[in-house]
Structure formats: C-alpha cells, structure tokens
Amino acid sequence: MNKFSAILLATCFIACSPKIKTLSVHFDESPVPPKPDYSNPNHWASLPTKKDAADSMPLKSNLKDEQATAKADVFFIHPTIFTYTPTDQYQWNGDVNDQVLNTKTQLSTILNQASIFNGSCKIYAPNYRQAHYHAFITTNRDDAKRALDLAYDDVRTAFDYYLKNYNNGRPIVIASHSQGTVHAERLLKEYFDGKELKNQLVMAYLVGRAVSPNAFATIKPTEKPDEVGVWASWCTFGRGFYPSRYNDYYKGSQSTNPLLWSSSKEFASKELNLGGVGLHFTFAPQAADAQNQDGMLWINKPYIRGRAFVKNTNWHRADMNLFWMNIRENVKLRIEKHFQPK
Numbered sequence: 001m002n003k004f005s006a007i008l009l010a011t012c013f014i015a016c017s018p019k020i021k022t023l024s025v026h027f028d029e030s031p032v033p034p035k036p037d038y039s040n041p042n043h044w045a046s047l048p049t050k051k052d053a054a055d056s057m058p059l060k061s062n063l064k065d066e067q068a069t070a071k072a073d074v075f076f077i078h079p080t081i082f083t084y085t086p087t088d089q090y091q092w093n094g095d096v097n098d099q100v101l102n103t104k105t106q107l108s109t110i111l112n113q114a115s116i117f118n119g120s121c122k123i124y125a126p127n128y129r130q131a132h133y134h135a136f137i138t139t140n141r142d143d144a145k146r147a148l149d150l151a152y153d154d155v156r157t158a159f160d161y162y163l164k165n166y167n168n169g170r171p172i173v174i175a176s177h178s179q180g181t182v183h184a185e186r187l188l189k190e191y192f193d194g195k196e197l198k199n200q201l202v203m204a205y206l207v208g209r210a211v212s213p214n215a216f217a218t219i220k221p222t223e224k225p226d227e228v229g230v231w232a233s234w235c236t237f238g239r240g241f242y243p244s245r246y247n248d249y250y251k252g253s254q255s256t257n258p259l260l261w262s263s264s265k266e267f268a269s270k271e272l273n274l275g276g277v278g279l280h281f282t283f284a285p286q287a288a289d290a291q292n293q294d295g296m297l298w299i300n301k302p303y304i305r306g307r308a309f310v311k312n313t314n315w316h317r318a319d320m321n322l323f324w325m326n327i328r329e330n331v332k333l334r335i336e337k338h339f340q341p342k
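One point on numbering: in my numbering, the residue at position 91 of the sequence shown is 91, and numbering is uninterrupted.
Hints in this document: simulated from the structure, not taken from any laboratory.
Just so it is clear, CB atoms sit at the ideal spot from N, CA and C, and this is done for glycine as well.
Do not rely on the hints blindly, as some may be mistaken.
Straight-line Cα separation of at most 27 Å, BS3-like style, residue types lysine-lysine; simulated pairs [said to hold, decoys possible]: (1) K64 - K337; (2) K198 - K220; (3) K104 - K64; (4) K71 - K224; (5) K220 - K71; (6) K251 - K220; (7) K332 - K198; (8) K220 - K332; (9) K311 - K21; (10) K342 - K198; (11) K224 - K189; (12) K35 - K51; (13) K164 - K337; (14) K51 - K332; (15) K145 - K21; (16) K301 - K265; (17) K145 - K35; (18) K189 - K332; (19) K251 - K189; (20) K195 - K71; (21) K35 - K21; (22) K270 - K301; (23) K332 - K224; (24) K337 - K195; (25) K270 - K64; (26) K189 - K220; (27) K195 - K220; (28) K198 - K270; (29) K342 - K220; (30) K195 - K224; (31) K50 - K332; (32) K104 - K51; (33) K251 - K265.
Listed next, with one range per pair, are the computed distances between beta-carbon atoms [what the hints assert, rightly or not]: (34) T22 - T282: 30 to 36 Å; (35) G194 - Q89: 38 to 44 Å; (36) K21 - T49: 34 to 40 Å; (37) E271 - K145: 28 to 34 Å; (38) G169 - K50: 20 to 26 Å; (39) Q99 - T49: 17 to 23 Å.
Could you build all of it, start to finish, from the sequences and the hints given here?
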C-alpha cells in the first residue's frame, strides 16, 4: 500500500468530515430553523420501521441486522455533522429538513456508529437541530449555550415521543458521540438518574466527550462487561499524545477501556479487539489496542495496512469505529443480563 492509500484509510477511520468552518454572526443574528415533528418519520435519522443507514452491515463481516427480533431499544444521539459553511439562513443550528445535512448524517454517523446496535436493539435516532461545530470553539459562551439548548430541546422532545409511542416498557440503551454525548448526559440526568425510568436502563455509551466519573448520583461508571444500569465513556488519542485542553478538560474524566469495559489502566492488546470498521465501511479485524491514561484512551497506530504512514494523534471521529464489534457484542451481553432474574 502506498502512502496516499494509507492516509485515505486512516481518514475513513475518522469518518471523513468536511473542513471545519467558523461562524461570523451571533446567535441572535441567525433565524432559528423550524421545530421537528417527530410523528414524521422523515425527522428521524433512524427508525426500525424504515430503511436507513443504521440497517447496514460492514463488508466482509457476515453479520445480520437483527432489529426485527430485538428485545431492547437504543436511543442514539448523533455527533456534530454541521461543521461546514452554512448554505442557507440557518447559521447556528441545522435544519432537520436540510437534505444535504441529513444525507451527510446518514453516510457518516448513522452508518458507522448507529449501525453497531442493530444486532440486539431497535434503533431510534432523531434528526435534531444540531448546534454548529462553532458552538464548541467560540469564546462567546452565551451564543454556544443557546445553540446547544435548542439542540437539546429537540433531543428531549424526540425522547418524549419515543417513550409515548415506541418504547412500550422495553429496556433502553442510550448511545451517543461528541455533541450527542453533551445532550445524552443531560437526558440521563433529567429522565433516569434517581428516576423510575432507571429500571429500564441497560447501559449508556457516552462516547467522545469528557464526562466526570461523578456526573450522576445513581448511575455509576461500568467496571465489568456485564453490568446493567451503568455507563461508559472514552476519548481516543494516539499513545503519548496530550491534547491542548488536557489539563482543564480531559484530565480526571471517566475513561472506559472498550476492550476491557473498566477504568483499569491495564493495557489491552489488539487480540482483544473483535473488529473495527474502516475504508468503505469494511470490517477490520483486531483494529486497535487500548489503554486508559487519566481521562483519555490511548491507542497505538491502528493495525491496518499501511499503518507506518498513519500520523493521526486525535482519533475522535473513530472513537466507535475502532471498537465497533466490541461495542456490538457488549450491548448484547448487557441486554441478556438485564433479562436475567435479579
């Protein structure tokens, strides 16, 4: 494999994203997109009753979509896909009727991340008025808060609709990445933490954002692969790399090794990795090793063809891709444990 091919493969592992743009207007200067209507299937990125990218299986995997017989549900909150220069009047929050944005969402996060759960869960993933990436880097925290609050209001509305119309008392998995995890943390506090609904919570996968080990009063971080009613979180970086915000953001946050399902600092070799997904959504056996490092998950270069040419140090967009099969098998195990006599 030549250098170009190796870089292309690494780029696919980080879920190919357009070049990030910043905004030049304040929140008040941008119109707010219309509210979603979650009785409209088009306002969901994934539903078990419609064809979407979450139904997909990695090439060379021999896996099947098992949603039709799944005994549990996953409510999946996707990350920021609205990273580019807005093409309409809506600057700070994406429009759920924007077909370009919706297609990008399908071909990135729904394909690469939400599909993980189709082996044991019915998948419910709302389109929502996601905050533009600028909300995470601007120094104007009021603008950022308003954009993120608007996005969370949609997530909460979608979850209410899901509970009233789809759930029917079934076990619930919460899964999220990046911006999705910002909203998932709020959702867990509002609906599950110390609430009756916690009895239906199988697991929360809160990936791609720093989350405090003490984020919740009654929902604890997982330390075993078969615990239920718990949560996991990790942020993936190359071994030896410390991001610029390490001391004030990542340090001390919860880091779960998805090869061990604990916060142990034990090194987990690639032999424990059941497979990731990479180029063209292709199954990649033993994609990565992993080791917790005080708020981060460190990996050596992924074990892919041409790895000698890989230079990435921030594997944020591959947080779930690299451990795709381990997450898939883990959620299945936890659902089975949920149904066992207490």
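Here is how each hint holds up against the structure:
In summary, the hint linking K64 to K337 is supported, as the alpha carbons are separated by about 22 Å, within the 27 Å threshold. Between the alpha carbons of K198 and K220 the distance comes to roughly 12 Å, so the proposed pair stays at or under 27 Å and holds. Straight-line distance between C-alpha atoms of K104 and K64 comes to about 24 Å, which keeps the hinted pair within the 27 Å bound. Taking the CA atoms of K71 and K224, the gap is about 22 Å. The hint holds against a cut of 27 Å.
Of the pairs offered as hints, the one joining K220 and K71 holds, with about 24 Å between alpha carbons and a cut-off of 27 Å not exceeded. Restraint check for K251 and K220: satisfied, since their Cα atoms lie roughly 19 Å apart, inside the 27 Å limit. At roughly 18 Å between alpha-carbon atoms, K332 and K198 fall within 27 Å of each other, so this suggested pair holds. Pair hint K220 plus K332 holds up; C-alpha atoms about 19 Å apart against a cutoff of 27 Å.
At roughly 23 Å between alpha-carbon atoms, K311 and K21 fall within 27 Å of each other, so this suggested pair holds. A threshold of 27 Å between alpha carbons decides the hint, and for K342 with K198 the separation of about 15 Å falls inside it, so the pair holds. Proposed proximity of K224 and K189 is supported: the alpha carbons are some 22 Å apart, at most 27 Å. A C-alpha spacing of about 23 Å is found between K35 and K51, which places the hinted pair at or below 27 Å, so the restraint holds.
Our distance criterion of 27 Å between C-alpha atoms is met by K164 and K337, whose separation comes to about 25 Å. Distance restraint check for K51 and K332: the Cα-Cα separation of roughly 22 Å lies within the 27 Å cut-off, and the hinted pair is therefore satisfied. A distance of roughly 19 Å separates the Cα atoms of K145 and K21; the hinted pair therefore holds under the 27 Å criterion. Among the hinted pairs, K301 with K265 is consistent with the structure: their alpha-carbon atoms are about 18 Å apart, no more than 27 Å.
With a CA separation close to 18 Å, the supplied pair K145 and K35 stays within the 27 Å bound. Taking the CA atoms of K189 and K332, the gap is near 24 Å; set against the 27 Å cutoff, the hint holds. Only pairs whose Cα atoms come within 27 Å are accepted, and K251 paired with K189 is accepted, the gap being roughly 22 Å. Distance hint between K195 and K71 is fulfilled; the C-alpha atoms sit about 22 Å from each other, no more than 27 Å.
With a CA separation close to 24 Å, the supplied pair K35 and K21 stays within the 27 Å bound. For the hint linking K270 to K301, the alpha-carbon distance of about 11 Å falls within 27 Å, and the restraint holds. A threshold of 27 Å between alpha carbons decides the hint, and for K332 with K224 the separation of about 14 Å falls inside it, so the pair holds. A C-alpha spacing of about 21 Å is found between K337 and K195, which places the hinted pair at or below 27 Å, so the restraint holds.
Taking the CA atoms of K270 and K64, the gap is near 24 Å; set against the 27 Å cutoff, the hint holds. At most 27 Å may separate the alpha-carbon atoms for a hinted pair to count; K189 and K220 meet this at roughly 12 Å. Proposed proximity of K195 and K220 is supported: the alpha carbons are some 14 Å apart, at most 27 Å. Distance hint between K198 and K270 is unfulfilled; the C-alpha atoms sit about 34 Å from each other, more than 27 Å.
The hinted pair formed by K342 and K220 meets the criterion: a straight-line CA distance of about 18 Å does not exceed 27 Å. For the suggested pair K195 and K224, the alpha carbons sit about 23 Å apart, so the restraint of at most 27 Å is met. Note on K50 and K332: the hinted pairing holds, with a Cα-Cα distance of about 22 Å set against a maximum of 27 Å. At most 27 Å may separate the alpha-carbon atoms for a hinted pair to count; K104 and K51 meet this at roughly 16 Å.
Restraint check for K251 and K265: the C-alpha separation of about 14 Å stays at or below 27 Å, so the hint holds. Distance hint check: the CB atoms of T22 and T282 are about 34 Å apart, consistent with the given range 30 to 36 Å. As the Cβ distance of G194 to Q89 is approximately 41 Å, the hint placing it in 38 to 44 Å holds. One distance hint, 34 to 40 Å for the beta-carbon pair K21 and T49, holds here, with the actual separation near 35 Å.
At roughly 44 Å, the beta-carbon separation of E271 and K145 lies outside the given 28 to 34 Å, and the hint is violated. At roughly 23 Å, the beta-carbon separation of G169 and K50 lies within the given 20 to 26 Å, and the hint holds. For Q99 and T49, the hinted distance range of 17 to 23 Å is satisfied, since their beta carbons lie about 20 Å from each other.
Hint check: violations occur at hints 28, 37; the rest are consistent with the structure.
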